[in-house]
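One letter stands for each residue in the lines below.
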Amino acid sequence: MPATSAMDSAQSAGFTPPTRFAVPGRIAVSNRAAATWQRATLTEVRRETPHAATFRFAVPDWEGHLPGQHLMLRLRAGDGYVAQRHYSIASPPDDTGHIELTLDHVDGGEVSGWFHTVAEPGDEVEVRGPLSGFFAWPGDRPALLVGAGSGVVPLMSMVRHHRARGLSVPLRLLVSARSPEELIYASEYGAETTPVFTRTAPEGVPVGRVSAAHVAALQADRPEGGWEAYVCGSNGFAEHASRLLVDAGQPVDRIRIERFG
Amino acid sequence: MNVTRGFTGRPRVRNDGLPPGQYDAGDDWPVLSAEVTPDLTPAEWTFTVDGLVAEPRTWTWDEAHALPPSAYEGDIHCVTSWSKFGVRFGGVSLDAFLDAVRPAPEATHVVAYSHTGYTTNLPLADLTGGRAWIAWEYGDGPLPAEHGGPARLLVPHLYFWKSAKWIAGLRLLDHDEPGFWEQNGYHHRGNPWEEQRYSGD
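As given, the protein sequences belong to chains A and B, one line each in that order.
So for the first sequence, numbering that gives the first Met the number 0 puts the first residue at 0; every next one is plus one.
So for the second sequence, numbering that gives the first Met the number 0 puts the first residue at 0; every next one is plus one.
The following block holds chain A by itself, in its conformation from the complex (with noise of 0.2 Å):
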């Protein structure tokens, strides 16, 4: 794999073990955005479906970030306790000075619950971030996109990315959802996109789960150089995708995953 940042040259220096699997990453990652937490204010919530909604948020001092990377969020309680989670941020890193998130209402969630019952414009939170850049896409090389669920939302960052900055890098996105109502962003999805509906489906599309023909259609049509495969969602999709992803000849250490836990 070319090295294509500070970071992996960084990386190359050091101790490498003697394994085929290597998984570098993708940029250097801001130590002092990473430590130090802003005041986000809710600035406007966007329902997407009958379980999810996007929350945009003012947050004047955000450095930026790379589509995939994801923030720390905390709430605090009167008593003192307080609430953290990491959430992938859904926005392109052009909207400056503003950030958004896409959240699904969790069965008894703390942090959800309080996002889909009680937050309303005005309320403020606290964010801590962009962390981690694994997951990162800066829009570099060929990407497949395969998330299930709101395991789409780091990969609508890049296509959102993807669009904003006009790129002619290659990126698809195989996204799976139970049904069209619950498919999140379905009015800006393009060309790109093929998605797959695993319960109930428009008129003529099958019902069924992310498959190895969907994978072999884009491995068949993949740039010259091959792509860098991003997955995210469940553990029990991350692991159906990416070992369909293996078995179609995508190298393993070109597969990067994001499993919500």
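It is worth saying that the hints were derived from the structure and are not from the lab.
From the three backbone atoms N, C-alpha and C, an ideal C-beta is built for every residue, glycine too.
Hints should not be assumed to be uniformly reliable.
[Stated by the list, open to error] Covered stretches of chain B, as calculated for chain A (at least 3 residues, CB under 8 Å):
(1) 7–21
(2) 60–71
(3) 84–95
(4) 166–176
(5) 194–200
[Unchecked claim] If you want the ones that stay clear, here's a sample from chain A, every Cβ over 12 Å from chain B, calculated:
(6) Glu47
(7) Pro141
(8) Leu166
(9) Gly207
[What the hints assert, rightly or not] Here are a few chain B residues that face chain A, going by a calculated C-beta distance under 7 Å:
(10) Val2
(11) Arg4
(12) Leu31
(13) Ser80
(14) Asn183
(15) Gly184
Fit chain B to the given chain A structure using the hints.
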């Protein structure tokens, strides 16, 4: 930070075993590996300790299992903010492996690496004195592949990204060398009680 309007959190009982910023995951055990779960059988698994040691050595599955068994019963803590209480891992104390290779006096740090290529760095002192294991059992059964089976490093007093899954070896060094997540912005040591999550914490 200010109180978040309308946020009360879920009902909670005081739990002195919960490090700051963590919550009790209960029966859940989230999987958070960044790479494809490898197909790695016990027959293929090996564990090597080399670098600044008197006698570098590689153990096979059977050779490692011939060492005195040792179990950990207690809690584990993930940087993504879940903790899991009262878990049991079975395996061998890392002291047994280190005693066999005899670390050099100048060895201060370790890079632990996986059969996948994942790496993480630790001070050698965090791996000795009965505080670290090579673990191949979880509860009463074998360690599941997605949790690092057939065998993983277990360093339960640090955030769990230090407990490298599919452990392949340790290289002893006379300096600290950041591993995979540490190069991606995470803290070099990762002590949950001091909330050492990211560089700069």
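Hints, one by one, checked against the model:
Given as covered by chain A, the region 7–21 of chain B passes the check, having 6 residues with a CB less than 8 Å from a CB of that chain where 3 are the minimum. Coverage of the region 60–71 of chain B by chain A is violated. Counting CB-CB distances below 8 Å, 0 residues qualify, and the rule asks for three or more. Counting residues of the region 84–95 of chain B whose C-beta lies closer than 8 Å to any C-beta of chain A gives 0; at least three are required, and the coverage claim is violated. With 5 residues bearing a CB less than 8 Å from a CB of chain A, the region 166–176 of chain B meets the requirement of three and the coverage assertion stands.
As drawn, the region 194–200 of chain B meets chain A at 5 residues by the rule of a beta-carbon pair under 8 Å; at three or more, the given contact holds. The Cβ of Glu47 (chain A) lies farther than 12 Å from every Cβ of chain B, with a closest approach of about 22 Å, so its non-interface assignment holds. Its beta-carbon lying about 19 Å from the closest one in chain B, Pro141 (chain A) satisfies the requirement of being farther than 12 Å from that chain. With a cut of 12 Å on Cβ distances, Leu166 (chain A) stays outside the contact zone with chain B, its closest approach being about 24 Å.
Even its closest Cβ contact with chain B, about 23 Å, leaves Gly207 (chain A) beyond 12 Å, as expected for a residue assigned away from the interface. A distance limit of 7 Å between C-beta atoms decides the matter here; for Val2 (chain B) the minimum to chain A is near 5 Å, and the interface restraint holds. Because the smallest distance between the Cβ of Arg4 (chain B) and any Cβ of chain A comes to about 6 Å, under 7 Å, the interface hint for this residue holds. Annotation: interface hint on Leu31 (chain B) holds; nearest CB of chain A at approximately 5 Å, less than 7 Å.
Evaluation of the Ser80 (chain B) hint against chain A yields a held restraint, the C-beta minimum of about 5 Å falling below 7 Å. Because the beta carbon of Asn183 (chain B) sits about 5 Å from the nearest beta carbon in chain A, less than 7 Å, this interface hint is met. The beta carbon of Gly184 (chain B) comes within 3 Å of a beta carbon in chain A, closer than 7 Å, and the hint placing it at the interface holds.
Hint violations for this structure: numbers 2, 3, all remaining hints satisfied.
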